[in-house]
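In this note's numbering, the protein residues as written are 1458 to 1620.
No wet-lab data here; the hints were simulated from the structure. Everything numeric in this text was worked out from a predicted model, so none of it was measured. Mixed in with the good hints there might be a few duds.
Claimed, not checked - Heads up, simulated PhoX-like pairs for lysine-lysine below, C-alpha to C-alpha not over 25 angstroms straight-line:
| hint | residue 1 | residue 2 |
| --- | --- | --- |
| 1 | Lys1586 | Lys1486 |
| 2 | Lys1585 | Lys1519 |
| 3 | Lys1531 | Lys1586 |
| 4 | Lys1609 | Lys1585 |
| 5 | Lys1518 | Lys1609 |
| 6 | Lys1486 | Lys1519 |
| 7 | Lys1585 | Lys1531 |
| 8 | Lys1518 | Lys1486 |
| 9 | Lys1531 | Lys1563 |
| 10 | Lys1609 | Lys1486 |
| 11 | Lys1518 | Lys1531 |
| 12 | Lys1585 | Lys1507 |
| 13 | Lys1518 | Lys1507 |
| 14 | Lys1563 | Lys1519 |
Stated by the list, open to error - Restraint-style ranges between C-beta atoms, simulated for each label pair:
| hint | residue 1 | residue 2 | range |
| --- | --- | --- | --- |
| 15 | Gly1480 | Asp1598 | 29 to 35 angstroms |
| 16 | Glu1594 | Asn1520 | 26 to 32 angstroms |
| 17 | Glu1612 | Ala1535 | 33 to 39 angstroms |
Each residue gets a CB set at the ideal place from its N, CA and C atoms; glycine is no exception.
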Amino acid sequence: MTIGSVADRCGYARQTIYYHFRGTQDILKWLILNDETYCKYDSLEKNHWKNELFTILSNLKKNGWIFQQIYESKIYEAFNELLTEIIHSRVAQSFVLSCADYGNSKSRESISRILTYSFTGPTVEWIKKGYPESPSEIMEDYDRLCGSAMHKVVEDFLVLRPQ
């Protein structure tokens, strides 16, 4: 994927793309996160992580042709790092905070990193397979996985981990 291919596909001049974005990584981040619904959610809301993850999944599918091309290109690793960081900061950390507001920051960061890979791995496979399920179907699976039992696991981790 190149700036030129994105400009051609979108029907814009290459300079227009360069004017608005610093590079490919910046475009990818915008495509993953750009959605007018973000400002509607309160980050302190208990299920904020669900809203964030649904928005990310919806944007990944909406711009699917770009993300599928990435897995056949040289920026695959950069995209994975970006997706991992976005899911970590917007989904996993929010999920941990929705479970418990205790435990030290090191403990919360540790469990957030573990959860990040639990969310990122299936999302990457979903992209590679061509988005066979809708974002709503994926969210149903995550909702079942992250029910009260998962909240209890996170709470136990934070309580029982040595300070």
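Hint by hint, here is what the structure shows:
no., hint, in the structure
1, Lys1586 <-> Lys1486, "holds, 21 angstroms"
2, Lys1585 <-> Lys1519, "holds, 14 angstroms"
3, Lys1531 <-> Lys1586, "holds, 19 angstroms"
4, Lys1609 <-> Lys1585, "violated, 32 angstroms"
5, Lys1518 <-> Lys1609, "violated, 31 angstroms"
6, Lys1486 <-> Lys1519, "holds, 14 angstroms"
7, Lys1585 <-> Lys1531, "holds, 15 angstroms"
8, Lys1518 <-> Lys1486, "holds, 14 angstroms"
9, Lys1531 <-> Lys1563, "violated, 34 angstroms"
10, Lys1609 <-> Lys1486, "violated, 32 angstroms"
11, Lys1518 <-> Lys1531, "holds, 21 angstroms"
12, Lys1585 <-> Lys1507, "holds, 22 angstroms"
13, Lys1518 <-> Lys1507, "holds, 16 angstroms"
14, Lys1563 <-> Lys1519, "violated, 36 angstroms"
15, Gly1480 <-> Asp1598: 29 to 35 angstroms, "holds, 34 angstroms"
16, Glu1594 <-> Asn1520: 26 to 32 angstroms, "violated, 18 angstroms"
17, Glu1612 <-> Ala1535: 33 to 39 angstroms, "holds, 35 angstroms"
Hint violations for this structure: numbers 4, 5, 9, 10, 14 and 16, all remaining hints satisfied.
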